[in-house]
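Chemist: Here are the chains, one letter per residue:
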Amino acid sequence: AQSVTQLGSHVSVSEGALVLLRCNYSSSVPPYLFWYVQYPNQGLQLLLKYTSAATLVKGINGFEAEFKKSETSFHLTKPSAHMSDAAEYFCAVTMKDTGRRALTFGSGTRLQVQP
Amino acid sequence: DGGITQSPKYLFRKEGQNVTLSCEQNLNHDAMYWYRQDPGQGLRLIYYSQIVNDFQKGDIAEGYSVSREKKESFPLTVTSAQKNPTAFYLCASSTAGTATDTQYFGPGTRLTVL
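Top line first, the protein sequences correspond to chains X and C.
According to this note's numbering, numbering within the first sequence proceeds without interruption in unit steps and concludes at 1187.
According to this note's numbering, numbering within the second sequence proceeds without interruption in unit steps and concludes at 120.
Same shape as in the complex, but just chain C (with noise of 0.2 Å):
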């Protein structure tokens, strides 16, 4: 079955820690994402790539790093300058990166600091 899958579902970080959210799709999509989602705030876009080696910043990058090194995977780490973290995280694809696209979404990561 093709689709994105996240991993892992729940993540749980302390303060000052690092960590990285996996993100791989085999819908042979050229375009990923990356959204945070908080209560009443629907989704807000981090970080895009439209081809591999290559990605740009969204609306809400400060405190997150990305990269895209193989066109299946796109992984997002929240670093310790993100000041909070908790949210949860959903990452897309889309065919080609077009306006119409439809984008499709994976299960999602919840991320928790303790």
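The shape of chain X in the complex, shown without the other chains (with noise of 0.2 Å):
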């Protein structure tokens, strides 16, 4: 069965800092792994996501993420934090040639940037 993981359910930056939140994956096949974002009490947007063409994926708001097969990870960085960002992060996780397409999320990661 897939699963992600996020380590760290509080992450605190300055703004202007460098933003990582980190997500590790477990699955016995290749997975598609996916960013979102949620801003209280709204609805999830999609930052990014992998789909096993480039290793390096390039999102909205400067965000982007690597997906590293020897490590299971998918971590989201930004160079420079902002105000904006303020917000809890959800990674994702879905797999090939099963019959399932939901995504399964993990716990989340709620990112406060501070002035």
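No wet-lab data here; the hints were simulated from the structure.
All clues given are correct.
Restricting the straight-line Cα-Cα distance to at most 25 Å, the calculated cross-link-like pairs of lysine to any residue (SDA-like) are:
1. C:Lys15 <-> X:Tyr1111
2. X:Lys1168 <-> C:Phe61
3. C:Lys15 <-> X:Ser1156
4. X:Lys1121 <-> C:Thr101
Each of the two chains sits in its own frame; use the hints to bring them together as a complex.
Modeler: See the structure below:
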């Protein structure tokens, strides 16, 4: 069965600092990986996704993530945090060649940006 | 504007009542999903549908029911059999329900049991 683990339920950075949100996956077959962002009391918005093309994926709002098979990781980064980045971030996985199309989510990381 | 609408935004239920959460999309998507969100637990799949008149149970389907009579609509009923229904409910849709599809989410319905 597929799963994702997000290390750190809360991350706090200063404005202008590097953002690093960690995601590790567990699966027996190659996964597809997604990062979503959720602002308070709202739905989720896709930041980026890995679908087995380029391992370095660029997304919206200056975020990017790198798929590392050897480390089973898909960490999300942004070089310089902005106050508007404060939100909750979810890593999610799906698998090809299975009947399941729905996403399996990690437990989320809440990002706080300090002025 | 294309998108997903969920109503109501807030819903209060008394013990023993069934309530229905609405989800409508005008994106012409074939696949639709219902997720439940609890603090610190991420999102968990309740039901999903890849085509009209067909749907499958997700990981936590007990106490919930759905229908998919129209492509654009996927209502979720929370029955009295659901013992702990207080949560944030999110509906999503995607084009064809393949593993690489982007899922687009509605704004959610917050259900509280009184």
